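First to last, the sequence lines map onto chains A and X. Position 243 of the first sequence, counting from 1, maps to 260 under my numbering, and the rest follow consecutively. Position 45 of the second sequence, counting from 1, maps to 115 under my numbering, and the rest follow consecutively.
Just so you know, the hints here were simulated from the structure itself, not pulled from any lab data. Note that the structure is a prediction, hence the values are computed from the model and not measured. Please note that a few of the clues may not be correct.
[Claimed, not checked] Straight-line Cα separation of at most 27 Å, BS3-like style, residue types lysine-lysine; simulated pairs:
1) K310/X / K198/X
2) K271/A / K198/X
3) K277/A / K181/X
[Stated by the list, open to error] Pairwise CB distance ranges, derived in the manner of DEER restraints:
4) A154/A / L96/X: 53 to 59 Å
5) L154/X / R26/A: 54 to 60 Å
6) K102/A / L154/X: 35 to 41 Å
7) K97/A / V100/X: 41 to 47 Å
8) R223/X / T188/A: 46 to 52 Å
9) R223/X / P164/A: 46 to 52 Å
10) K102/A / L98/X: 37 to 43 Å
11) E253/X / K102/A: 54 to 60 Å
12) G100/A / L96/X: 38 to 44 Å
13) A109/A / I182/X: 41 to 47 Å
For glycine and all other residues, C-beta sits at the position ideal for the given N, C-alpha and C.
Chain residues, written in single-letter form:
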Amino acid sequence: MEVQMRNKRLFKALSVASVAALALSGCGSSDSASDSGLPKVEMLKELGAGEGQVNIVAWAGYVENGSTDPKVDWVTGFEKETGCKVNVKVGASSDDMVALMKTGEYDVVSASGDASLRLIYGGDVAPVNTDLVPNYADIFANLKMQPWNSVDGVAYGVPHGRGANLLAYRTDIVKPAPTSWGSVFDANSPYAGKITAYDSPIYIADAALYLMKTKPELGITYPYALDQTQFDAAMELLKQQKPLISEYWGDYLKHVAGLKAGTTVLGTTWQVNINLAKGEGTKVEGIKPAEGSTGWSDTWMISSQAKNPNCAYLWMNHIASPEANAAVAEWFGEAPSNAKSCDLTADKNHCATFHANDDAYWTDVYYWNTATEKCLDGRTDVKCVPYSEWATAWSSLRNS
Amino acid sequence: MLKSIATWFHQRPRIRLAALLVAPLLWLVVAYLGALTSLLITSFYTINTFTGDVIRTFNLNNFVELLTNPSYRNVVLRTLGIALSVTFICTVLALPMAFFMAKVAQRRSQKILVALVLTPLWASYLVKIYSWRTMLEPESGVIDWLLGPLGIRSPGFGFAGIIIGLSYLWLPYMILPIYAGFERLPNSLLDASGDLGARNFYTFRKIVLPLVFPSIVAGSMFTFSLSLGDYITAQIIGGKLQMLGNVVYQNYSLNLPFAATMSAVPIAIMGIYLWIIRRSGALTSL
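Please model the entire structure based on the sequences and the hints provided.
Structure, rendered in structure tokens:
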């Protein structure tokens, strides 16, 4: 009995020790501490032969190979032409995409502005050698070398397309038609309990944009450069908005279903959601309100650990080509990035609807960007709130 | 050759035992406990605020954040409330059903009833919850359509919606253990109690409940722990409400250490729950 007890205790101690050893060995030595400098990553010097496949992380609808709709396919032609088989992983959110790229298993990502800088400073993406991307030359000038896709004059990606976050409203329920973002922040709104907002920390920029136009005394000049006072004001606005919200949407299909059923009648949306809802017979419209809006311009970026760099460059060149860019812009519902695409869209009014050539339209669209401690609007006398604190504040808001 | 190996093992019973146990122990210790331990160790790390890379230095920042931030306290309490409500509702619904199945139904019907109780488990989780979304939809949902003329409105998406959905999902897990418990209850006890003059409720309270209590506890372990960790139901029929699982889900890609800290909470809660159950002695007579 005595021996059995001792053996039992020994066994217990051994198993605890082995588990702990396993876990700790898995953790390994601590990596070098973070440094806020730009990691040095080499860019590809010349294009070699295709490797046979390319692994892509993309937003839903960006890499269509005919499986969703047989007529919607810009992948099969590419695969035949280059011999690079396309394997796509759909990212649910920008945070999801950053995490996926950190694993090093993917070659290319279609990063939005709230992910691109994180990827650049995290050393997860390499600068793009634009000489190796012939179609880069035809991209709209005001999309190239922007704050979210370039650092210190070095391009880190190929611009994909752009869209604005519009204000959706049910035309048969919301009367008169809204003209301002104030309608989703109005505490006395008749539509309280049926308003929606985008479920991501980046939505804080929408609140900041509204304050930028309605409370100039706060001094906000760029919605992604907020010092602590400005940030707290934006969070306060969002706290006041919360009782008005029915659902925060992250999944665009749920959002479309909500608009159709009438559980949400007013709120932030994408043009593609409006198109889908209209397609199902819902009476809905999307407008860019008087204050302007936040928007997004995605960038195709190449991983610093890409196993198939040549196929990756071939893909980036393909998706930026006039034909493919027109096809994806029409399917997804965004303005194309290639100036030549406008002549190739099936709907001749596509570029007009999406304001692809209308530079004036984009002057009050504030593309998603990643907030950093160094203020993005150039201020040096204050520290701005970095994105990680946006995320924690958003999490607190959602959980309160 | 096989015979000599068999003889060798036969002569050494300890090694035989070890060989049998190696595979399941490997799974338990390495895959299960090892993964859990590395998760819990991660909860003591933090991340670089900008790039999101994990900084592997031991500190308690995450736990301080968890305990001092009122919204995280609210989430934990809300999730606990949901789990307890779901357990209570499932118990209340399961007891009469299990009693009927075990004591009142005919032998033939018993098997059919058990099969019927198990059938919802064959349907996908998502299918069931999306069905509930259609039912609970305010104004245009099935509940409003069906019960609207009677003046009953759908509770809509939110706290009530989550509890209804989760109670529906975990009910079979509660019915089956209680059914097994009732089967073991001898009918003669109920007859004797009646003969001695006890009314129905008294019999239930003093005879049936204590004997069936271990089965209720077994069922509650399912409903309680499954509700604690759930996050999909909250996303679909929870409106803007968040549960503990949602916080983990939102943080795991951006801030894995904090997600790990958050997941340590239900582990701790279940540990305390099981300890209470063990102390109450309910498990000894299972």
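Verification of the hints:
1. Proposed proximity of K310/X and K198/X is supported: the alpha carbons are some 20 Å apart, at most 27 Å.
2. Using a Cα cut-off of 27 Å, the hinted pair K271/A and K198/X holds, with the two alpha carbons roughly 16 Å apart.
3. For the hint pairing K277/A with K181/X, the CA-to-CA distance comes to about 43 Å; that exceeds 27 Å, so the pair is violated.
4. Distance hint check for A154/A and L96/X: the Cβ-Cβ separation is about 58 Å, which falls inside the suggested range of 53 to 59 Å.
5. Roughly 37 Å separates the CB atoms of L154/X and R26/A, a value that falls outside the hinted 54 to 60 Å.
6. For K102/A and L154/X, the hinted distance range of 35 to 41 Å is not satisfied, since their beta carbons lie about 52 Å from each other.
7. A hinted range of 41 to 47 Å for the beta carbons of K97/A and V100/X is consistent with their spacing of about 45 Å.
8. Range check, R223/X to T188/A: about 26 Å between beta-carbon atoms, so the 46 to 52 Å window is missed.
9. In this structure, R223/X and P164/A meet the distance hint of 46 to 52 Å, their C-beta atoms being roughly 50 Å apart.
10. Under the hint 37 to 43 Å, the C-beta atoms of K102/A and L98/X, about 40 Å apart, fit the expected range.
11. Between E253/X and K102/A the beta carbon distance is about 57 Å. The supplied range of 54 to 60 Å therefore holds.
12. The hinted range of 38 to 44 Å is satisfied by G100/A and L96/X, whose Cβ atoms lie roughly 43 Å apart.
13. Take A109/A and I182/X: their Cβ atoms lie about 42 Å apart, and the range 41 to 47 Å holds.
Taken one by one, the earlier hints fail for this structure at numbers 3, 5, 6 and 8, listed in ascending order.
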